[in-house]
Amino acid sequence: MKIEVHITLKNGVLDPQGKAIERALGSLGFEGINDVRHGKFIELELSETNKERAKAQAEDMCRKLLANTVIEDYRIDIR
Amino acid sequence: MLSAIIVFPGSNCDRDVQVALKQSFGTAPRMVWHAETELPAADLIVVPGGFSYGDYLRAGSMAALAPAMREVSKLAQKGVPVLGICNGFQILCESNLLPGALIRNSGLRFVCRDVYLSVENPDTVFTRGYSVGQCVRMPIAHHDGNYVAPLETLDCLSSEGRIAFKYCDDKGIASEVANPNGSARNIAGIFNERKNVLGMMPHPERLADPALGGIDGRAMFEALAGKVFS
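Protein chains in written order, with the working numbering: chain W, 498 to 576; chain H, 175 to 404.
Bear in mind the hints are in silico, worked out from the structure with no lab data behind them.
In this text the structure is predicted, and so the values were computed from the model without any measurement.
Backbone N, C-alpha and C define an ideal beta-carbon position, used for all residues, glycine too.
There are no misleading hints in this set.
According to the in silico footprint, chain H covers these stretches of chain W (three or more CB under 8 Å from chain H):
no.	stretch
1	502–516
2	559–568
Looking from chain H toward chain W, a few residues come up when the C-beta cut is under 8 Å (computed):
no.	residue
3	N279
4	S280
5	L282
6	G356
Computed spacing ranges between beta-carbons, pair by pair:
no.	chain 1	residue 1	chain 2	residue 2	range
7	H	Q197	W	K548	58 to 64 Å
8	W	D557	H	Q308	43 to 49 Å
9	H	F284	W	D532	24 to 30 Å
10	W	I518	H	G228	21 to 27 Å
11	W	H535	H	G346	32 to 38 Å
12	W	K499	H	V285	35 to 41 Å
Please put together the full structure from these sequences, using the hints given.
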């Protein structure tokens, strides 16, 4: 089963890379950008076939390694 | 006095610390490979700077899971002094031995230069060679040194005397312009609750010998070795 994990900095944690991207896009002439958040995307291929269990497994992985929950939020999508 | 240095793939300040410790402790520190499951008896454990595991995922996140770090956590809980410098600080945060996290510098650039630090709490095994408010000079060299923590954690660190050093100007003022990386409250180093664990981004080992251009960092190693240093 394919799992997709999106990791972004929590709201309220300054995202210097997002800010730099925002400024760079502005300098290219793109207008109307209200905010840019930079993050990570991790794709996992699990042998687990039960969706619930796969999600629980991915949650555990996020808490223990993939995300630092002091500063980051994560979102798990199952494909 | 015995000391140990944990060495990870990608550590690059381990030998600088080795020299500084040998000088102050009078004995050569034990170099402990990250895969070791037992640590030698030590009066001090240093988690050195560098780029352990190439900073993959997050700086310090992989190293925090190393077998040797499990032992470091156990010894820290027993009260053994643990000093994390630069990447070592990041590793101690990722290991939950210290609160908060270190994210990308606010200016996005790798910053490599000497900075001034004000000594916030000289009442610990690490800092008793300094005086309160003393302004010391130490080098920094990092890309991810921007300290962040929830507001309540920052308040707790302030009120419990757990801020070890703040970035300041040459007059000892912790101003915004003296902050090289955007760290909350100009924090350059913090203690755990028991104050036997110190994590700091600046490198005391890089200014611990006159040949290096200064000895402001040496007072820390001398204090840890139980010597009075002035």
